[in-house]
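A.B. asks: The chain contents come next:
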Amino acid sequence: MAILASTQVTPTRMELTKQKNKLVTATRGHKLLKDKRDELMRQFLDLVRENMELRKKVEAGILSANKNFVIAKAGMSAETLNTALMAPKQEVSLTVGSKNVMSVDTPILNYHTRTADANDIYSYGFAFTSSDLDDAVKSLADILPDMLRLAEVEKSCQLMASEIEKTRRRVNALEHVIIPEAQANIKYISMKLDENERSSQIRLMKVKDMMLEEAHHYSERA
Amino acid sequence: MYKIAVIGDYDSIYGFAALGLDTFPVSEPEEAEKQLHKLAGGGYAVIYITESLAAVLAHEIDKYRLEKLPAIIQIPGVSGNTGDGVRSVKQFVEQAVGSDILFGDD
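Protein sequences appear in the order of chains A and B. Just so you know, we're using our numbering here: the first sequence kicks off at 106 and counts up by one. Just so you know, we're using our numbering here: the second sequence kicks off at -17 and counts up by one.
Hints are computed from structural coordinates only; laboratory data are not their basis. Some hints could be false.
[Unchecked claim] DSBU-like, lysine-lysine: derived pairs with alpha carbons at most 35 angstroms apart: (1) K161(A) with K16(B); (2) K311(A) with K50(B); (3) K204(A) with K127(A); (4) K141(A) with K72(B).
[Claimed, not checked] Which chain B residues stay away from chain A? Per the calculated CB distances, all over 12 angstroms, these: (5) A0; (6) G2; (7) D4; (8) V8; (9) E10; (10) P11; (11) E13; (12) E15; (13) Q17; (14) T32; (15) E33; (16) S70; (17) K72.
For glycine and all other residues, C-beta sits at the position ideal for the given N, C-alpha and C.
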C-alpha cells in the first residue's frame, strides 16, 4: 500500500533527520503501547470473567433476599417493619486503597463494620417481628461481602476497558498513520535529494564543457 | 473513611438499612438525580442503584464512568431483574476488545 505524504514536506536534509527521528520514536512508542495493551487485555479478561460471575451471584442473592423481605412484610404490619429497621445498630464504612494496573489507578475497597458482633444486623427486639425478617436480613448480610467485591471489580473493569480502548486507538494510529507517513516522507525526501544531486552534477558537467569550449575552442565531444 | 449508599425505590432497598448501609429512597427521577450527585460528592465510595432507576439516570451515571470513585453499581430491584447489570459487563468487553468475545452466547 503506497501512502503519499499527505502534507508536503520540504525536501531538506534537516527535514530528513527530523522524519527519521520521528520514525524511530514512533516505532518505539508503538512497541511499548502494544505491550501495554496486551498486558492490560490479559488482566482485563481475567477480571471481567470474575465480574460476570460475581454479578450473577449477587443478583441471585439479592433476588432471593427480596423474596424473603416480601414474605417478612406479609407477616407483619408495615409500621412494625418500618420501626424495626428505622434505627440500624450496625454501620459499614470503607477505606479505599488503590492498585496500579499498567498505569490504571484501580480502587481497592476494605470494609469495616462498626461493631464486630455479627448479630448487630438485627436492629430490633425479637418480640414483635417475625422470624422471616431475621432470615431476610441474614440473607442480605450474607451477600454483602460479594457486593463489595463486585463494586471493586466492576469499577476496575470499567476503568480498564476505557484505558484499553484508548491504548488500542493509539496503537492503531501509530501503526496505520504515523509510521507509514514518516516512511513515505523519508522516501520522498531522499529521492528528492538524490534527484537534486544528480541535476547539479549534470549542471557542473555542462558548465565544464562550456568553459573548455570557450578556452580552447575544443570540444570534448566527438 | 468512605460510606456506602443504596438508592432506589423504598421497597427495593429498605433491607440494606439493617446492614448499616445508608439508604436513600427516591421516587422521582429529578429527585434521584439530585440525590445521586450529592452522594457522589459526599464521601460515598460505592453507590448501589436499582436497575430501573439506573436506566432513567444513565446519562448522569455516565459522568462518573471515568472517575475512580464513586463506583456506581446496578442491583436488581424488588420488581425483578432487567438484565441491565449483566449487559453493562458485556459492554465493558465490547469496549475493550471491540466485540463481545466472552459472553456472547448467554
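A.B. asks: Now tell me, hint by hint, if it's right for this structure.
C.D. replies: How the hints compare with the structure:
Among the hinted pairs, K161(A) with K16(B) is consistent with the structure: their alpha-carbon atoms are about 30 angstroms apart, no more than 35 angstroms. Taken as a hint, the K311(A) and K50(B) pair is broken in the structure, with Cα atoms around 73 angstroms apart against an allowance of 35 angstroms. The suggested pairing of K204(A) with K127(A) holds, with an alpha-carbon distance near 34 angstroms, which does not exceed 35 angstroms. As the CA atoms of K141(A) and K72(B) are separated by approximately 22 angstroms, the hinted pair is consistent with the 35 angstroms bound.
For A0(B), the requirement that its beta carbon stay farther than 12 angstroms from each beta carbon of chain A is not met, with the minimum near 5 angstroms. Distance check on G2(B): its Cβ comes as close as 4 angstroms (rounded) to a Cβ of chain A, failing to clear the 12 angstroms threshold; non-interface status is violated. Look at D4(B): its CB is around 9 angstroms from the nearest CB on chain A, not clear of 12 angstroms, so calling it non-interface is violated. The non-interface label for V8(B) is consistent with chain A: the shortest C-beta to C-beta separation is roughly 17 angstroms, beyond 12 angstroms.
With a closest Cβ-Cβ approach of about 21 angstroms to chain A, E10(B) is found to remain outside the 12 angstroms limit, as its non-interface label requires. Even its closest Cβ contact with chain A, about 22 angstroms, leaves P11(B) beyond 12 angstroms, as expected for a residue assigned away from the interface. Once the 12 angstroms rule is applied to beta carbons, E13(B) is consistent with being away from chain A; the minimum gap is 20 angstroms. Residue placement check: E15(B) keeps its beta carbon more than 12 angstroms from all beta carbons of chain A (closest about 20 angstroms).
The non-interface label for Q17(B) is consistent with chain A: the shortest C-beta to C-beta separation is roughly 18 angstroms, beyond 12 angstroms. For T32(B), the requirement that its beta carbon stay farther than 12 angstroms from each beta carbon of chain A is not met, with the minimum near 10 angstroms. At the 12 angstroms boundary, the C-beta of E33(B) falls inside the reach of chain A, the nearest C-beta of that chain being 9 angstroms off. Under the 12 angstroms C-beta cut-off, the non-interface status given to S70(B) relative to chain A is violated; the minimum distance is some 8 angstroms.
For K72(B), the non-interface assignment is contradicted: its Cβ lies about 8 angstroms from the closest Cβ of chain A, within the 12 angstroms cut-off.
Violation of the numbered hints given earlier is confined to hints 2, 5, 6, 7, 14, 15, 16 and 17; the remaining hints are satisfied by the structure.
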